[in-house]
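Asks: The task is to assemble the complex, starting from two chains supplied on their own in separate frames and drawing on the hints.
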Amino acid sequence: MTEDLAMDALPLLLSRLQFAFTISFHIIFPSFSIGLAAWLTVLEALHLTTGRPAYRVVFEFWLKIFGVAFGLGVVSGIVMAFQFGTNWSVLSRMSGPIQGPLLSYETFTAFALEASFFGVLIFGRARVPPWFYLFSTAMVAFGTALSAFWITTNNSWMQAPVGYVMTNGAFVPDDWTKIIFNRVVWVRFPHMLLAAFLTGAFCVAATGAWYLLRERYNAEAHTMLSMGLGLAAVLVPIQIFFGHLTGDYVHDYQPAKFAAIEARWHDEQPAGEVLIAIPDEATERNNYEIKIPILGSLIGSLSLNSKEVGLTDFPPQDRPPVLIPFFAFRIMVGCGLIMLALAWFGSYLALRDRIEENRWLLWLVFLSFPLPFIAILTGWFTAEVGRQPWVVYGVLRTADAVTPFLTAREATISLAVFCTIYTLIFAFGIFYIYRLLHVGPVGHLIKPAIAAVPNRPMSLVGHGLISDAGYIGGEEQR
Amino acid sequence: MIAFWVTLLAVSILLYVLLDGFDLGVGMLFGLTRGETKRNAMMAAVAPIWDGNETWLVVTAVILWGAFPTAYSILLSAFYLPLLVMLAGLILRGVAFEYRNKTERMRWVWDWSFIVGSFAASFIQGLTVGALVEGLPIVNGQYAGGDFGWFSPFASLCGLGLCLGYALLGACWLVKKCEGELREQAYRLLPYLAIGLLVFLVTVFAYALAENLQVISRWLERQYLFVFPVIGALSAIVLAFSVRYRHDDLPFPMVVLIFVAAFGTLAISFWPYIIPFTLTIDDAAAPQSSLAFMFWGEGLFVFPLLLLYSVINYSIFRGKVQSIADHY
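So the protein sequences, as listed, match chains A and B. When we follow our numbering, the leftmost residue of the first sequence carries the number -18, and every step to the right adds one. When we follow our numbering, the leftmost residue of the second sequence carries the number 285, and every step to the right adds one.
This is chain B alone, in the form it adopts within the complex (with noise of 0.2 Å):
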């Protein structure tokens, strides 16, 4: 039972970032694109799927709480203000996509607050990551940092590294729905995105080999990890050739691949813990009769439905975006 609601939440973590990785990644993008004809084609690129991709982050926390409930309260609590600035973050940008639309003169403002709010959302997500990896100053069960015990510089640089990827995300979801110049614009920042990335993941390697940081020594010992980085750097390589002959529908999966690869890396070096390296996953776990009750119910027949509500909307908008943006 344990397992099984430790997968769904790995699952909803991962479908979390890699679809609203992609909205929010637009979001960022925004901001380095001029012009409001462009400007709308993003906006239409990712306007009918962002707040169903926003859903998993709700199946994320309620699955931690209703499963995971001591990970749930350490965690939160812990990352107070790192939160606050996410929710700000997460409804700024979420009004943006409405209120930008119904008004000329304060057009400026919910541009920003779309920008910014992605960025904010992306770069606090990437923080809570690093701040993970380090490891958090927990002390009986409690978190002990203070305000601001969860920042530190490899912290922030894990933030970063986050909008990067998310980005780039962002950008190979662009070269998919759009067409014209800002699908060559994408195309063109696609190779600086994924270089930057590139340089963030071996900085971030070496900055826990210096620091000999706990991760490592799982690295080294689960050697069987390696095979994700040589699948990130597979995806990357048919990530260049799709760049350079313009495959469309390329880049997006590749991308993916190489997310996938870095969410197992982490994944697979936290177990058994679910916050590293002080709580673990069986420790988290609510009482049997707790799993049991969310097993029989929403587990085995609600998130297949949630699944298939995803698929279904996904294969509804397919197709390049265009013609919705005409709209605007």
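For reference, chain A alone in the conformation it holds in the complex (with noise of 0.2 Å):
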């Protein structure tokens, strides 16, 4: 009997490790891209309008960057496609009729205009006429942009799921305008965005620090740091009020998530905030709880008073795993809030021009280049450990979700496949990157399309490097 279990439990697990892996690792090269993606059509529009050429070699220095990250995108998101069918086919048959056609919107409308116009944005500045460039510019972005918004809006309605009858099993679509313009959907997709938004701020801030340490390229990296620090200044406030608003939808409709993202196991009025804590799920309790009477309630529902649910409201088998929501949750707000410090704190003291001097400052900028790809990763976690054990909440559990036949056998092939391949390329994918950034903003632009290639995103790699490397010969000389 346990071993019947444990024969059907392996490949549910593994399953669940293969899909974490790879979308894990997928979502980190699409959320750099969007943020790039917008950064690059500001930069082309102030290149516009004020015509400075710092903008333009900015511009170019990242273009190169954002072809390696689109690219990397790109091949880890075919897997994905794939991947719905091959691990989750009762899930695949029951809401194809939904999740089908939203991702497939995804690939048509986000492929279209992004694969469209990268080619222009590559090898096209000499082809068209400026204003056209930028317009390309915006339409990548705008294709990345929408490529989120479909994302988040298969996943809100796997989160809290509407606008739909069951019928024969399948979940069968009877108000679209209900699974796309859900309240939800309009919390989470700014959410995502802005979190995009700021992963390529904080990206390009850090490396215009690194640049000031390294007392290289000065103008381009006091543009970017500037730049980079001020754009997020403004953005980290709207994003934690997204983030709070995100937190609102969660209290409505997954209480269950609520409470397990708090450690409360029991209802309380009112209520308190752990803050920190070692949650128990064997004993239902917290361990070395440090606890803020009210706050739980204020934050709960903005008010003094009010009675706040437990996770003990709910039957063992209807809980979420608590440890990982928990801490994947303070993790996330922990990034924020020194996301929040460094871009106010910087953006002040550039605004008073005296950021170059605190290299302390430079240093902890640098730094912070992961803190928004941890955000998003543990933002993530939570979404989605804190949904278990539903995959559709509240209707199909993830248990019954997975293929049925599927072997431990296969599951353990197919995680090792994908762990050795992904490791492979990205190790070299995230090399290249590196030595991009490390080369820096040389100055030099895009030369007349000869090899040109669109569609053709890393490419990019190579003919940087082998300019580059010719100028980076050059400067030595002299």
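Incorrect hints may appear among the rest.
Cβ-Cβ distance ranges computed for the label pairs, FRET-style [stated by the list, open to error]:
| id | chain 1 | residue 1 | chain 2 | residue 2 | range |
| --- | --- | --- | --- | --- | --- |
| 1 | B | E388 | A | L332 | 47 to 53 Å |
| 2 | B | R472 | A | T393 | 44 to 50 Å |
| 3 | A | T393 | B | A524 | 46 to 52 Å |
| 4 | B | F510 | A | P111 | 55 to 61 Å |
| 5 | A | V215 | B | G433 | 55 to 61 Å |
| 6 | B | L316 | A | P351 | 42 to 48 Å |
| 7 | B | P421 | A | P351 | 46 to 52 Å |
| 8 | B | P421 | A | L(-6) | 22 to 28 Å |
| 9 | A | F113 | B | V522 | 39 to 45 Å |
| 10 | A | V215 | B | G319 | 52 to 58 Å |
| 11 | A | L(-6) | B | I552 | 42 to 48 Å |
| 12 | B | G433 | A | R378 | 57 to 63 Å |
Interface residues of chain B toward chain A, partial, derived using beta-carbon atoms under 7 Å [what the hints assert, rightly or not]:
| id | residue |
| --- | --- |
| 13 | W349 |
| 14 | L367 |
| 15 | A372 |
| 16 | Y383 |
| 17 | S573 |
| 18 | A576 |
| 19 | F577 |
| 20 | Y593 |
No wet-lab data here; the hints were simulated from the structure. In this text, a Cβ means the ideal position worked out from N, Cα and C, and glycines have one as well.
Replies: Have a look at this one:
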């Protein structure tokens, strides 16, 4: 009996690990390229309106890095289009009528825009008028954002399923406006989009700080640092606001997830807020708890005396795991607060033109580049692990959604293969991005399109490196 | 609405096979070619368009999921290990385009990943078609064949057959795009590949007859299907002449016609099944509300844009490729 259970549980566990692994690796690159595409649009617009060459130099530099990130996002994204069917065949059959069309819109609209205008972006500068070039940049940015929209719409439907009726064991859509204009979508989509913008902002600022520390490319580095931090200074507070709204939807639609994030085991009125603790699922209590009274009610319901729901209200089989959502959420919030402090303090110094003297701040900004990525990953861990044990919240359990005849052998092989290949290609990809960043914005412009190869993002590394290496050599001779 | 989506599905699959087919083929021929100059020229012949070609695979997958979710869920879960191999192959060959130029010491690694990845992806695609022709073991709307239920000598033969077919497409593409010795080499290979493909097709037909596969009865019932072998034969004759007289632009469209004929034969002998011979197109289709939602946006407006983009991309990169190769 126990052996049978283990046989069933292993393919499920491996499938969940595989999905978590592949999607976590994937999300890193789109969240970087969405932000970068928007940043490129801003730079190109500034270049057109002010005519300052520094904007152009910074643009060309980040365009190369954008190309690599974009390419890695594409490669890892193809896997996602198959994985729903291979490992989650019950889910893909039941929810196919809703998730299928949403994700097909993602492929059709985002791919069409990005693919069409990406070529112009890379090789078309000499062939099109400046306004059209700016338009193309904006279209690529729009395409990447649109992609994020469809993905969050799809995921939001899994978090808060609406607009369907159950017919013959399938989710049949009966109101697409409810699915697309669901309040949950319009809170989570901005939350994701802002996260991507902040990722771009912090990576740009960190790169600028890195150059200033190495005392290279001071003009470009200053532009990157002050623009990156300035953008973040405006966006982080907005992001915190949308984060709060996201928490509101969780509070209203997914009370068990909310209670897990709060590590609140029993109903409380008024409810306290657990700042930090080590929740223990076995004993249903927290160890080493630091708790602030009443704050829980204030955060949950904006009231001093509201009753907040505890996890023990739900039968054990309907509760999410507590440890991951609890800690992932706190890590995300922590990253957000550090980013807020850095962005505000850094921008304050930048406004007074004193930022370059503060080497310790430059170090902090430089070292802050992983923060937005960590925040995005832990935010998604909170959302997805907190949704458990459901894949479609409250309707379909994850355990019932997995391909029923999947064997442990198959699942082990596929997980091992994906881990190996992803580690290999991403190690190389990140190494090339590092080399591009290290070489820096050397100031030469993209050559006329002799080897014009649009739709081939990662080739940029090669062209860039060859010419950059030549430039570096020249610099050293001087 | 169902007819519209099944048409778009067929068009997407056909475009994928034709477009990614030739660049996968070039990837396999890459293994038969020695010398950095020639290999660089081969890379350059497909580099600008290969991932646009691969987009059609994703388009196929999402149309299948959105419009025919039952088929998507059965097929993808049934072909679990083969699809894993295909995806691994596609990723490895995809990054090879970029990574092999970044290194000299490690170049052999990416050369091998390009060759092996191309071969693996092509072989798997042929194998799945073969397994479908033979009929997948499906019980109560669920695959019931185990880890290797898709494997059979016939399916493997189809895998090799598609590799031959893709290599033939690839050779025609090289003839069209390249000059000098590489073009000559492709011309010399062409007859062998073409004859190999012909032998394969005859073998498959004989096997299907001998094993009395269900498709055979459909071929006999639907005699208009024999128009396709006729188209294929005529194209083969023109192909032979174009090779004999070194007419660079003709072989590729002729092999495309052969592929269209083969695809048409298969598609019509599967009709009205989407998974032969267990699941019909109508039974697999998503509800009307899903199909209509897809139709009024991506189907009617965005799909033509995708086609237009392919056309523009190919017209930008028309002509011989040698000038590009020089810059590698």
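Asks: Can you name, in rising order, the numbers of the hints this structure does not satisfy?
Replies: Hints 12 and 18 not satisfied by this model.
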